[in-house]
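S.K.: One-letter residues, chain by chain:
2 protein chains.
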Amino acid sequence: MLVSALLTSVGINSGLCVLFFTLYSILRKQPSNYEVYIPRLLDAEGKPKRSTFNLVRLIPSTGWVKRAWKLSEEDLLLTSGLDAVVFMRIITFSLKVFLFAGVIGIFVLLPVNCSGDQLYDIDFADLSNNSLDVFTISNLSNGSKRLWAPFIAVYLVTAFVCFLLYYEYKFITAKRIDFFLSTKPQPQQFTILVRSIPVSSGSSVRESVEKFFLEYHPSTYLSLMVVHRSSKLQSLIKDAKKMYKRLTHLQSESNQQKYRHVGLFGQKVDLVDHYEKKLEDIEENMRVERSEVSLATEEVRAAFVSFKSRYGAAVAFHMQQSTNPTEWVTELAPEPNDVYWPFFSSTFIKRWLSKIVVVVACILLTILFLIPVLIVQGLTNLNQLEVWLPFLKSILTITFVSQVVTGYLPSLILQMFLKIVPPIMVFLSSIQGYISHSQIQKSACDKVLWFTIWNIFFATVFSGSILYQVSIFLDPKDIPAKLGVAVPAQASFFIAYVVTSGWTSTSSELFRIIPLTCSLMKKPFRCCSDEEFQVPSIPYHQDIPRILFFGLLGITYFFLAPLILPFLLVYFCLAYIIYRNQFINVYAPKYETAGKFWPIVHNSMIFSLVLMQAIAFGIFTLKKLSIASTLVVPLPILTLLFNEYCRKRFLPNFTAYPAEVLIKRDREDQHDPNMAEFYEKLVTAYKDPALLPIQFSSNTDSLSSPLISDTQEVLH
Amino acid sequence: MLVSALLTSVGINSGLCVLFFTLYSILRKQPSNYEVYIPRLLDAEGKPKRSTFNLVRLIPSTGWVKRAWKLSEEDLLLTSGLDAVVFMRIITFSLKVFLFAGVIGIFVLLPVNCSGDQLYDIDFADLSNNSLDVFTISNLSNGSKRLWAPFIAVYLVTAFVCFLLYYEYKFITAKRIDFFLSTKPQPQQFTILVRSIPVSSGSSVRESVEKFFLEYHPSTYLSLMVVHRSSKLQSLIKDAKKMYKRLTHLQSESNQQKYRHVGLFGQKVDLVDHYEKKLEDIEENMRVERSEVSLATEEVRAAFVSFKSRYGAAVAFHMQQSTNPTEWVTELAPEPNDVYWPFFSSTFIKRWLSKIVVVVACILLTILFLIPVLIVQGLTNLNQLEVWLPFLKSILTITFVSQVVTGYLPSLILQMFLKIVPPIMVFLSSIQGYISHSQIQKSACDKVLWFTIWNIFFATVFSGSILYQVSIFLDPKDIPAKLGVAVPAQASFFIAYVVTSGWTSTSSELFRIIPLTCSLMKKPFRCCSDEEFQVPSIPYHQDIPRILFFGLLGITYFFLAPLILPFLLVYFCLAYIIYRNQFINVYAPKYETAGKFWPIVHNSMIFSLVLMQAIAFGIFTLKKLSIASTLVVPLPILTLLFNEYCRKRFLPNFTAYPAEVLIKRDREDQHDPNMAEFYEKLVTAYKDPALLPIQFSSNTDSLSSPLISDTQEVLH
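Protein sequence lines, in the order shown, are assigned to chains A and B.
Those letters in the first sequence? Residues 96 to 811, by this note's numbering.
Those letters in the second sequence? Residues 96 to 811, by this note's numbering.
These aren't lab readings, by the way, just hints derived from the structure by calculation.
Just so you know, even glycine gets a beta-carbon here, dropped at the ideal spot from N, CA and C.
A portion of the hints provided could be inaccurate.
Examples of chain A residues toward chain B, derived with CB under 10 Å [to be verified]: (1) Q416; (2) P420; (3) I444; (4) P753.
Under the rule of at most 27 Å between Cα atoms (straight-line distance), these lysine-lysine pairs were calculated in the DSSO-like manner [stated by the list, open to error]: (5) K743/A with K306/B; (6) K685/B with K336/B; (7) K685/B with K306/A.
So here's chain A without its partners, still in its complex pose (with noise of 0.2 Å):
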């Protein structure tokens, strides 16, 4: 690739980003768009006064930058959560890194790469006709002694890593155990979900597990809430709220529309009374289902058990109940609007099949995958575009299309292809048997990471053929030697990734084209109602690896081709202007795992430091400066050692909290008056929405009564 056919790209995706950032600083004034841009805020404080039309509505404006820009963590802490400030962390902590790497990189290891003659001296006379490659490390010659200048980068940065890393982590253990400290009594505190609970013939789930608690836990056992089979009524409630919304929307309608020509002779049909004739019908499906789901044949053998003190919780928590260990599965209870109810599997062996079974279809989803991906590479190897596309090349060889062919359009392929693996890996961790929407997220965040780094860095590496990737990793004694070799000659394509893929879907984000469109789709049939109107909660599972991918990408490649360093940090700058502004406006927590997703970044982060030092060994015997590539060795060996400490060190405190901080809590409970009411509150915070009497009143005219809002209370 050209230094042109970059520049081009970096023109194209800086014009797209100005575009982006406009067209929203001026939308997002607009009334009609305050439910797509800032939900967050109308649900706060309600819809504003329709305000009159002036020229201000019109004139870009930025001061939405510099709020995003000044948000303190505290106040990001009180408005969204834990998991928002640990998400921002992602950002913070890979601009701490870029602008380390970024001295370094570009201060030192540019000049001397374009110092270099391996491939050609760089023609200052003709910037832009130089190839990329001229600024990779590809550049420099064999046994140069300037390797050493990458050699003491690749040291420098693993340690400042590292560092940074050991720091990230203790702060967000700390932040976590603060957090915990410092919020009231929540529900999941108290609670421990049971699963697979024997029962002998003749008694119930609930009689087995309330005769087990009070036999073993007498003193903390409060009170427990069996899980029923409610699917079938799910559905029944989801036609119901179908049903009663076409009928507000009906009863907003001119009276024209009321009426409907039907059958052979084409009477007249009061299409309300239809409707209403149909809700009542589901209605009473409905409690007809309700009253025999809450019969005990209909009882799962799960239980939510809720205890008096959350210490009491953590012990049974903890312990092996039974002798059993397949019997009385004890795991922490989710938050009670974070539960997950369609999915209750019963027994111990499906469980552990079903997850099995995700586990393959995941490796074989990530396989087939490399299809698109080894077409996209093509694009970037235009002369073969042209042997399998003949009639293309008349088109071909106008430059700018061939610069936008190579620059753009991959990525943006891959892009696009890469969009639709998100919902698959949710729905293949929901199918899993989590209980829990937060953990269903963190589960399909780590499919969809795994599946980047495969499918993106070994797939398009080691392009060929399937087989021919899995021998590589077969032969694992070869991968740093092939590494060497292949991973130099993708920098140029990353670097364009990150300008294309990075920037303009980063900005675009901001934009918010799904979510505007639909809007603007649906506005011609919109009621005054705002009954459709739901603020969005951040996409933890697509968000998450893609940012941390390209923290991936920087971290690997900073010291091969050090140019990828300027484009991520824009790219990191634009994320941390977006996500600040898209956590102000658009995003509200659902639920809290207060931060529990940081391994998964930390996990990661240590992956691609072994990664590129593996790379850094393959390429110092490549460039044969066999010194360098054996005072690599140690530094991966250290570096997993500094994870396994860590791994010690930190991550118990993810998985729960310790005894010392339980009680702490408890403690300062025991004399509050509050918590009588909270207790009486615990005993149905896990009561299945489906089982709640709800009532879609059949009188059109009472829409707006008391049973309604509570309807919408249950169906959120």
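Position chain B relative to chain A; hints supplied.
M.R.: Coordinates of chain B only, in the frame set by chain A:
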């Protein structure tokens, strides 16, 4: 190797077995050998009266064989504890497996192999001149339909072994629970060991621990015992003990020996006086040291903390205590007399690093041990030996000599080298930071086992340079094929190994050569007191790997060379009788782990199954029966899934006891009037024996005073 060589080996070893059995049958009846052959009975019933000589004592009898065979499991449990029962179950497990495999192997596989003609037709006329290879799978021709016989055998034996493993795991788990429920209250059930105790400046470890547990476990905390740095004191006690022995020995001698000429002028010195003075000096040192050690400055940051109930101790063990998981690290306390006092390294990092160092040392030892193994390997290859040592040529042409050299010597030398390994591994485990003898033994057992597997299996199979071997493991996809080539070629070596090493060493175990020699050598200097006499405990770290190794060998080779099976059956029968006997008469348990080492057995059996399946895959590929090799693939996957299930289903019960069981036991004790007395004892149960007041009386007349017996008790 020819059949005749095998027959020679069988002859020699059967002869040796009979000899050992006969010698044992006679020697055990001599009262002078009681301490070697029946120390346990001696300990229990006291020394029998010196009977007059009679002829019966010289006639070998076989009553003991019958007694050993008939000993019921209940009796064994009563007399030797659960560990002995589980140990015996390894042997009965192997017997069952090889009976099953033996029937298939001898009646199906052996005839099938003989009927093959890949190598050459079997020569029935001169049976002893056939190569052993005729009886192996190598004799089946490529693509032969007869290869389906070993294929089916592999499936059958895998299923049988898995079934048996499941059954045994379940049985032993149940036994463990029963054992726990039936034992009296034990100090270790109520105690945990706390390490890495943070101490604020100005306070002692004792104060720190007391404050912490009174704060967070006020209702269950009972007492604590801080560990002190007592290594200097321990060595002083050792010296004193030695001196005391010399003194008692001297007093039983004649008057002449009590004096010695010392100094330039050859003054006569009363040695008794001399030693007495020395002993007094040491005792004075001990007193000073003991008072110093008892100070808070000599406290180690570790303490045994006892609780009022088993459940209380378990809760403190299972919960992470502090926000820093590397502080207040808890582990289950060992039995008081199982505690390994010398090594209480203090900080978390120090222990963690020493663990890493030991692992590295183990790997180095395992690899360097290859050198003697390779030399032994040379012995089976006579031609090579003749090239190395040409002067042996004439001797080696004698048939009998060559048969001894190829059939007997290699395994004997190997066996001798292997004898050094267990003590080294025990040493390595002891500096790894374990604080109980049983943990050290268990860890050493693991190390010896993997050491043996690596060296005997892989190193002798893939004979070649170290680098070549390592490279094989970096090429995992080729392992089955390489195993398929190399393993059958080694089959005859292993058949010989079972006969020579297995038979002889097991029956010589019965003979207790080393203790017997020691006893015979000491006799002339022995005084009448029986203070030297100790009941040995079974060396699990040495005997479990040996037995497991033969089990492993049998499973791996059964379908390759079914001829190994009858010899293995004989071996396990021998082991069965001898260990049941070396339990009745010799070994007494020093501590009880309640069968905690069974998971090692389980894992190694799973390993051997997977190894066997990998070899089967390799063989079927080589023999060009690709359908069979494809159909073998699901087998290791299923086996590993089975293992994973067992790990979830049974393993947790081998780490700690479940809440259910603990609470049941605690409730039973609630009304036990003996508990007050037990709690009193519990407070001092974990006092370092070095810190107990010991006095070696300086007055030689009172050597048999109660003080001494007290000393003895402490020293043992």
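S.K.: With reference to the structure, classify each hint as holding or not holding.
M.R.: Status of each hint after checking the structure:
1. Because the closest C-beta pair between Q416/A and chain B is about 5 Å apart, less than 10 Å, the hint holds.
2. Look at P420/A: its Cβ gets to within about 4 Å of chain B, closer than 10 Å, so that hint holds up.
3. Evaluation of the I444/A hint against chain B yields a held restraint, the C-beta minimum of about 8 Å falling below 10 Å.
4. The restraint placing P753/A at the interface with chain B holds, with a minimum CB-CB distance near 4 Å, inside the 10 Å limit.
5. Straight-line distance between C-alpha atoms of K743/A and K306/B comes to about 25 Å, which keeps the hinted pair within the 27 Å bound.
6. Proposed proximity of K685/B and K336/B is supported: the alpha carbons are some 21 Å apart, at most 27 Å.
7. Proposed proximity of K685/B and K306/A is contradicted: the alpha carbons are some 41 Å apart, above 27 Å.
In this structure, only the earlier hint numbered 7 is contradicted, and the remaining ones agree with it.
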